[in-house]
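Peer 1: Here is how the chains run, residue by residue.
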Amino acid sequence: MSDKKGRNLEIYFMAAVIVILFSSAVMNYVEMSEHPNAVATDAPTPPAGSYVIHVVATQWEWTFIYPNNTTSAGAFSVPVNREITLIVTSMPSEQGPGVIHDLYIPQMDVQVYAVPGQNNSVTFEPTHTGSYYFECVEYCGEYHYEMRGYMEVVAQ
Amino acid sequence: MSAYVTTLTIDGAIVAIVSIIIFALYLVLNSRKDLISKMANAEGYDSEGQFVRDYVAGKPRELGLSIFVNDDAKSLGMRYIVTSLFFFFIAGAFGLTMRLSLTSPNPSLLTPDEYNVLLTEHATLMIYMWAVGSALGFGYYLLPSHLKVFRDIRGVFSSIGYWLWLLGGALILVSHSSVRWYFYPPLSLQLNQNGGGLYAWLSVLGIEILFVGLIITSITILFIILFDRSPEVKRNQFTLFTWSIIFTIIMILVSSPPIMVGFALLFYDYFNPIFFTAASHSVLLFTILFWFWGHPIVYIAIIPYFGLIYEIIPKFTGKQIFSYKSGVIGLGLLLILSELVWGHHLFNSGLGFAWVLFFSTTSFLVVIPSAITIFNYIASLWSAERIRITTPMLFVINGIIDFIIGGVVGVMQSAFPVNADVHGTYVITGHFHFIFLGITTGISFAAFYMLFPTLSGGRKYDVKLARLHFYFTAAGSMLMSSAWLLGGFLGMPRATAGYFPFFQPYQLASIAGGFIIGIGQIFFLWNMGKSWLKAPSVDNQNCLEQVNVISTEMTGGAQ
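Residue numbers (this note's numbering), protein chains in the order written: chain A, 1 to 156; chain B, 1 to 559.
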């Protein structure tokens with residue numbers, strides 16, 4: 001490989017890398033604008049018509065508060081084909097103070113931190129009924145691994 | 001109550017043993033100091049330090065206990081290299097124990113609490129003691145030769161830095177804290193088994209001391225580069241390894257002050273929690289301060305090894321590196337851009353649209369310098385007429401492959417939608433183990449093998465065992481990290497003592513990989529023991545310390 005040939009090759013290679021990165025960044029911007037994830041709000045105002053569930057993380061349990069004020073712990077269910085808004089925060093429990101948790105539902109591409117003293121909201125819309133697993137993915141103490149369960153998506 | 005008594009007894013015993021060891025060391029060192037001062041007087045020196053420096057300066061040094069008393073650059077370099085290797089084996093054993101406990105979906109060998117302690121220590125020790133320690137070690141060992149320094153007078157400062165660094169590491173090790181290497185409050189403020197562990201405050205103190213040591217040594221190395229180098233070495237004649245160390249040190253000095261302040265405030269919170277509490281709405285503030293350091297640290301752990309690769313390749317291809325200029329530009333851009341991406345660790349914490357967009361765009365940009373660097377390596381190998389496939393060269397080639405895999409997975413995470421799907425899963429673990437095992441660990445071993453004739457005073461290492469060490473490390477790391485990547489894409493969470501049973505196949509595959517790596521390290525230890533017992537048989541020079549040597553006929557180190 002002569003010097004000139006090598007230099008040209010480097011220029012072509014870097015141009016290709018920059019083109020790929022630029023298109024990825026643009027796609028990222030478009031997708032982000034459409035589906036914002038984990039938005040911090042002090043006084044959450046969920047979008048109208050959304051099915052709002054307040055999620056409270058404690059050491060080491062997820063508590064879900066439905067719109068009709070019933071609660072469930074460790075598992076929850078949501079209606080299919082409807083916009084769901086989760087408003088997530090972290091609270092102290094008898095085990096200890098409110099610490100940082102992270103609610104993660106892999107199949108819904110939903111991930112949101114539960115930060116003490118802060119409300120993070122996230123919106124998604126399940127399109128298939130079934131059972132989906134969720135888990136805590138921010139280390140939160142001794143029984144961190146037990147903060148997991150199933151979300152049931154049921155017909156309306 | 002009885003559990004408390006047991007803990008007290010065990011801790012007491014540990015303190016006693018450590019005190020005995022320290023006292024024994026003190027006796028050894030003290031008698032050695034007397035000996036040195038007698039020798040200095042006999043030679044007509046006023047200052048022992050000056051005698052030691054003249055006695056050892058510029059001569060090849062053997063590895064021995066004397067490196068812990070002598071304050072010349074080579075001794076300090078070896079001190080860092082040996083200590084970091086020691087911590088590599090401790091933290092590696094912790095890693096294997098964690099793997100062993102994960103054979104079943106519910107915690108088996110270890111209780112969740114023990115698992116969390118090992119998780120914390122594995123990460124903290126591997127990063128601060130192994131990756132950073134061995135980078136500083138190779139810097140201290142190689143730079144005086146690369147820069148042909150005309151004086152070697154700064155050893156005392158670095159020696160203080162070294163001991164503080166070691167003390168910090170030891171405190172972290174004995175603190176049994178389970179705060180993870182993030183130290184996120186309020187968890188790290190929760191001083192019981194549920195949270196950070198009884199002695200979490202000790203690890204905060206330890207890491208603060210470690211930082212002070214790190215900064216002293218960094219500044220000293222920078223002073224050596226700036227003021228002690230031979231006037232004939234101009235800036236455009238610096239080796240690429242010198243540049244990589246300069247950039248690393250700038251990064252350490254720029255990024256560590258915020259987190260040192262953060263750790264100080266966190267330590268104050270143990271007495272009166274006012275800074276990082278839910279009531280003060282500033283829990284996320286610590287995470288920002290942490291990642292302002294926590295992202296650059298991962299580059300601090302690879303840039304020096306990128307520099308070492310630039311030094312190793314010409315020794316086995318017999319040709320200069322493809323482009324010196326793009327090498328410097330690549331490493332320098334990496335320094336600048338990697339300071340701007342810390343927020344991508346916190347995409348899902350509620351930073352908001354503007355911040356997330358900024359950090360995800362800069363995270364795409366940081367690929368450009370990495371691509372320049374990798375292109376440079378491949379072009380250098382491509383244009384070589386002949387590549388001697390030696391053990392260090394195998395580590396280099398494997399490192400480049402691992403970095404490409406780990407890097408491509410890394411840049412995917414810059415995209416916000418992908419990040420929401422992989423953050424906190426084993427994808428991240430796989431991504432950085434590819435890079436840390438391929439680049440940091442692999443290149444450290446490559447450089448260690450090349451220095452071996454000098455460190456051992458003219459002995460040869462066993463090539464067959466070294467090859468086995470390489471093949472096991474490379475194959476095990478490939479299996480382990482690939483299994484993590486696959487499981488992680490399905491949502492397998494990291495840092496957990498147990499997992500959903502359907503993730504077991506991925507866990508078992510990665511456990512197998514982990515143990516293959518472990519067996520590889522046994523070959524390394526065996527090789528060291530066996531080779532050291534042999535009589536010296538070769539020249540005690542090595543080609544890594546010699547600048548611009550591209551001959552393929554070097555005797556030392558290159559097997």
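Fair warning: there could be bad hints in the mix.
Mimicking DSSO-like on lysine-lysine, the simulated pairs with C-alpha atoms at most 27 angstroms apart in a straight line are [stated by the list, open to error]:
#1 B:319 <-> B:460
#2 B:530 <-> B:460
#3 A:5 <-> B:319
#4 B:534 <-> A:4
#5 B:464 <-> A:4
#6 B:325 <-> A:5
#7 B:534 <-> B:464
#8 B:464 <-> B:530
#9 B:530 <-> B:325
#10 B:234 <-> B:460
#11 B:234 <-> B:325
#12 B:148 <-> B:234
One-sided and incomplete, this derived list gives chain A residues near chain B with beta-carbon spacing under 10 angstroms [to be verified]:
#13 18
#14 24
#15 31
#16 32
#17 41
#18 52
#19 70
#20 76
#21 80
#22 109
#23 112
#24 122
#25 146
#26 153
#27 154
#28 155
Which stretches of chain B does chain A cover? Using the computed rule of at least three CB atoms under 8 angstroms from a CB of chain A, they are [what the hints assert, rightly or not]:
#29 240–250
#30 364–375
#31 421–433
#32 486–497
In case anyone wonders, no lab produced these hints; they're calculated from the structure. Cβ atoms here follow ideal geometry from the backbone N, Cα and C, with glycine treated the same way.
Peer 1: May I ask which of the numbered hints given earlier this structure violates, with the numbers listed in increasing order?
Peer 2: Hints 4, 5, 9, 10, 18, 19, 20, 21, 26, 27, 28, 29 not satisfied by this model.
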